[in-house]
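Protein sequence lines, in the order shown, are assigned to chains A and B. For the first sequence, this note's numbering begins at 1 and goes up steadily by one. For the second sequence, this note's numbering begins at 124 and goes up steadily by one.
FYI, nobody ran anything at the bench for these hints, they're computed from the structure. Be careful, since some hints might not be right.
[What the hints assert, rightly or not] Just a few of them, taken from the derived set where beta-carbon distance is under 8 Å, the chain A residues facing chain B:
hint	residue
1	Phe27
2	Tyr96
3	Ile109
[As the list claims (entries may be wrong)] Calculated lysine-lysine pairs in the PhoX-like style (CA-CA distance at most 20 Å, straight line):
hint	chain 1	residue 1	chain 2	residue 2
4	A	Lys45	B	Lys229
5	A	Lys5	B	Lys162
6	B	Lys233	A	Lys13
7	B	Lys168	A	Lys45
8	B	Lys229	B	Lys165
9	B	Lys162	A	Lys77
10	A	Lys45	A	Lys59
11	A	Lys5	A	Lys77
12	B	Lys233	B	Lys168
13	B	Lys233	B	Lys162
14	B	Lys233	A	Lys5
15	A	Lys5	B	Lys165
16	B	Lys229	B	Lys168
Keep in mind that this is a model prediction, so the values were computed, not measured. For each residue, glycine too, the CB sits at the ideal point set by N, CA and C.
In case you want the letters, here they are:
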Amino acid sequence: QVTLKESGPVLVKPTETLTLTCTVSGFSLSNARMGVSWIRQPPGKALEWLAHIFSNDEKSYSTSLKSRLTISKDTSKSQVVLTMTNMDPVDTATYYCARIRAMVQGVIIFDYWGQGTLVTVSS
Amino acid sequence: DIQLTQSPSFLSASVGDRVTITCRASQGISSYLAWYQQKPGKAPKLLIYAASTLQSGVPSRFSGSGSGTEFTLTISSLQPEDFATYYCQQLNSYPPSTWTFGQGTKVEIK
Chain A
1 QVTLKESGPV
11 LVKPTETLTL
21 TCTVSGFSLS
31 NARMGVSWIR
41 QPPGKALEWL
51 AHIFSNDEKS
61 YSTSLKSRLT
71 ISKDTSKSQV
81 VLTMTNMDPV
91 DTATYYCARI
101 RAMVQGVIIF
111 DYWGQGTLVT
121 VSS
Chain B
124 DIQLTQSPSF
134 LSASVGDRVT
144 ITCRASQGIS
154 SYLAWYQQKP
164 GKAPKLLIYA
174 ASTLQSGVPS
184 RFSGSGSGTE
194 FTLTISSLQP
204 EDFATYYCQQ
214 LNSYPPSTWT
224 FGQGTKVEIK
């Protein structure tokens with residue numbers, strides 16, 4: 001049974017750095033053609049893809065947030081960590097992690113999602 | 124970056140209606156498009172990937188079509204549990220592999 005669970009602070013202050021952890025079970029972060037992505041959703045707004053990391057350590061970041069994001073993984077702990085620097089109230093959102101699978105012919109799917117964690121940015 | 128535009132942003136429909144949602148990409152993305160359903164307070168659920176492949180366990184009343192820049196999600200006969208917000212997502216695999224979501228379509232009960 002595949003599960004993902006996000007954890008991290010509920011409240012951060014403006015200019016602080018946010019660190020979120022996605023702990024996975026039911027699959028290994030070393031599985032070929034698998035990885036984890038982070039997505040966020042401000043209250044009442046659309047989903048926004050943030051970053052992903054594959055088992056081979058291939059990473060990619062949202063163009064608009066690239067300078068603020070870092071994604072990494074600890075395979076032994078089954079964890080993927082996302083850090084976002086210089087937090088602002090507009091970064092208030094529910095942050096999700098999702099499992100990604102690379103299938104044949106370049107098809108990628110986000111097949112399992114965590115429940116999400118709401119992060120509020122306020123002084 | 125590739126932009127996705129969904130239409131309509133909101134639609135009101137009745138149980139049993141046939142519903143179609145469109146997603147247009149700012150440049151060609153072959154068939155690298157997925158559709159998700161999201162209910163309030165819940166994580167998105169994958170419905171369709173590769174533009175037209177139904178994810179395991181998803182009812183057959185959902186279908187997807189299209190390639191290049193224009194895609195559609197169709198619900199053949201709307202059920203009470205289908206009232207939700209639907210998002211498309213492009214997963215163009217060519218570097219840089221930056222992926223984007225559409226702005227969403229909320230389907231409400233008429």
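Now for the hints, and whether the structure bears them out:
no., hint, verdict
1, Phe27, "16 Å, violated"
2, Tyr96, "6 Å, holds"
3, Ile109, "5 Å, holds"
4, A:Lys45 - B:Lys229, "11 Å, holds"
5, A:Lys5 - B:Lys162, "19 Å, holds"
6, B:Lys233 - A:Lys13, "42 Å, violated"
7, B:Lys168 - A:Lys45, "17 Å, holds"
8, B:Lys229 - B:Lys165, "14 Å, holds"
9, B:Lys162 - A:Lys77, "31 Å, violated"
10, A:Lys45 - A:Lys59, "26 Å, violated"
11, A:Lys5 - A:Lys77, "13 Å, holds"
12, B:Lys233 - B:Lys168, "23 Å, violated"
13, B:Lys233 - B:Lys162, "17 Å, holds"
14, B:Lys233 - A:Lys5, "36 Å, violated"
15, A:Lys5 - B:Lys165, "13 Å, holds"
16, B:Lys229 - B:Lys168, "15 Å, holds"
Of the hints listed earlier, those the structure fails to meet are numbers 1, 6, 9, 10, 12 and 14, in rising order.
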